[in-house]
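Asks: Below are the chains, spelled out letter by letter.
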Amino acid sequence: MTAPSAARLTLPVSDRDHIQGSPEAAVTLVEYGDYECPHCGRAYPIVEALRQNFGDRLRFVFRNFPLTQVHAHAEMAAEAAEAAGAQGRFWEMHHALFTHQNALDSAHLVQYAGRLRINAAQLGEALAAHTFRDRVREDFMSGVRSGVNGTPTFFINGRRHDGPYDLEALTEAVERV
Amino acid sequence: MSSNTDPAPSAALAPGTVAPDFRLPSTPDQLVSLHEFRGQPVVLVFYPADWSPVCGDQTALYNELLPEFHRFDAELIGISVDGAWCHLAFAQERKLHFPLLADFEPKGAVARQYGVYRSQDGFCERALFVIDAQGIIRWSYVSPVGVNPGADGILAALEGLPSKEKKK
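Respectively, the protein sequence lines represent chains Z and Y. Note that numbering that gives the first Met the number 0 gives residue 29 to position 30 of the first sequence, counting from 1, and the numbers run on in steps of one. Note that numbering that gives the first Met the number 0 gives residue 17 to position 18 of the second sequence, counting from 1, and the numbers run on in steps of one.
Bear in mind the hints are in silico, worked out from the structure with no lab data behind them. Computed from a prediction, not measured in an experiment: that's the story for all the values here. Beta carbons are placed, not taken as given, at the ideal position from N, Cα and C, and that holds for glycine. Please note: incorrect hints may appear among the correct ones.
Dumping the calculated DMTMM-like pairs for lysine to aspartate or glutamate here, alpha-carbon to alpha-carbon at most 25 Å [claimed, not checked]:
no., chain 1, residue 1, chain 2, residue 2
1, Y, K94, Y, E74
2, Y, K94, Z, D14
3, Y, K94, Y, D28
4, Y, K106, Y, D72
5, Y, K106, Y, E158
6, Y, K94, Y, D72
7, Y, K94, Z, E137
8, Y, K94, Z, D104
9, Y, K106, Y, D20
A few chain Y residues that don't get close to chain Z, going by computed Cβ distances all over 10 Å [said to hold, decoys possible]:
no., residue
10, A7
11, R22
12, P24
13, T26
14, S32
15, R37
16, P47
17, S51
18, H69
19, G82
20, F103
21, A108
22, G134
23, I135
24, G149
25, P161
Kindly produce the complete structure, drawing on both the sequences and the hints.
Replies: Quick look at the structure:
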């Protein structure tokens with residue numbers, strides 16, 4: 000009987016990713032998350048605090064892992080973030096989604112696009128046509144192959160972070176690198 | 000069907016073993032047999048109980064991955080000692096799109112045949128088996144009960160099956 004390989008990020012961070020922070024950062028934190036998942040919602044301010052505290056030492060990458068059968072709006076929200084990303088506003092939409100987890104239906108998604116001053120009609124069309132569905136699926140499958148079993152799952156320099164993900168635990172894990 | 004007089008194996012059945020056939024309820028009025036799936040790979044997922052937190056995450060993940068398993072023409076089947084009515088409520092509440100079989104009477108009989116029954120607890124291990132189209136176990140894995148084993152091992156095992164079993 001063979002145990003599954005130790006959980007490592009199988010898809011390296013690259014130009015395909017949404018990255019916040021310095022390319023020179025010593026530590027890369029990758030999160031696989033779902034915009035409708037309450038645990039991910041609670042992790043959002045923790046990640047923001049980490050980014051603030053570590054400054055140029057940390058860069059952050061977010062990848063989609065929507066559990067679409069559990070969270071009815073998660074797929075659409077993920078596609079909306081990608082659609083906003085195509086207009087250069089991924090992180091602004093990411094913030095809007097995690098701070099409005101109870102209002103993720105398509106009418107609200109288009110409304111957030113309007114507030115972010117991106118082309119809301121274009122975003123609405125991308126949602127209707129599922130332009131970014133393959134991209135979201137690619138994120139999801141890369142997570143499955145890396146040992147993401149639920150959300151949120153974090154990787155620190157390519158190694159899965161198991162255990163608590165409160166500010167203290169993640170700070171310690173980043174400092175240990 | 001392997002004989003019920005065989006002593007139960009003490010560890011999970013290993014690759015190369017013929018998967019013991021079984022016939023268990025999938026709903027209060029339907030029975031499912033393993034041999035019905037001969038000709039296609041089967042992913043057998045033993046889990047301790049409906050409703051327990053890790054099982055919830057694990058089944059949600061597999062539910063999401065059904066299209067991936069179907070690319071290999073594979074059927075995913077869950078098994079626990081919960082009764083058919085319990086499975087029905089669990090599957091409805093979690094919108095699960097794969098069968099959950101009730102290893103309920105005699106309790107844990109199939110889990111025992113596969114070597115994954117925890118008699119001290121009265122439920123089965125969190126164990127995965129990938130069975131090929133000829134009914135031979137090709138991969139098995141027992142996870143610690145509280146740990147979600149994920150799906151990467153299953154997908155790797157399906158990829159390792161002879162390519163004629165794969166669909167583009």
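Asks: So if I understand the rule, the pair passes when the alpha-carbon distance is 25 Å or less; does K94 (chain Y) with E74 (chain Y) pass?
Replies: Distance ~17 Å between K94 (chain Y) and E74 (chain Y) Cα, so the pair holds.
Asks: At 10 Å, judged by beta carbons, does I135 (chain Y) keep clear of chain Z as stated?
Replies: 15 Å, holds
Asks: Taking C-beta pairs only, is P24 (chain Y) more than 10 Å away from all of chain Z?
Replies: It holds; P24 (chain Y) is separated from chain Z by about 23 Å at its closest Cβ, greater than 10 Å.
Asks: So H69 (chain Y) supposedly isn't at the interface. Is its beta-carbon more than 10 Å from every beta-carbon in chain Z?
Replies: 14 Å, holds
Asks: When you check the alpha-carbon spacing of K106 (chain Y) and D72 (chain Y), does it fall within 25 Å?
Replies: 30 Å, violated
Asks: Hey, is A108 (chain Y) genuinely clear of chain Z, shortest beta carbon separation above 10 Å?
Replies: Given that every Cβ of chain Z is farther than 10 Å from that of A108 (chain Y), nearest at about 22 Å, it holds.
Asks: Regarding the assertion that P47 (chain Y) does not contact chain Z, is the least Cβ-Cβ distance greater than 10 Å?
Replies: Fine: 16 Å to the nearest Cβ keeps P47 (chain Y) off the interface.
Asks: Taking only the CA atoms, is the gap from K94 (chain Y) to D28 (chain Y) under or equal to 25 Å?
Replies: 20 Å, holds
Asks: At 10 Å, judged by beta carbons, does R37 (chain Y) keep clear of chain Z as stated?
Replies: Holds, because the least Cβ-Cβ distance between R37 (chain Y) and chain Z comes to about 24 Å, which exceeds 10 Å.
Asks: If I take the minimum Cβ distance from G82 (chain Y) to any residue of chain Z, is it greater than 10 Å?
Replies: 23 Å, holds
Asks: Please settle this one: S32 (chain Y) was flagged as non-interface, so is its CB more than 10 Å from every CB on chain Z?
Replies: 26 Å, holds
Asks: Against the 25 Å threshold, does the CA-CA distance of K94 (chain Y) and E137 (chain Z) hold or violate the hint?
Replies: Holds, at roughly 23 Å.
Going through the hint list in order, the structure does not satisfy hints 2, 4, 5, 24.
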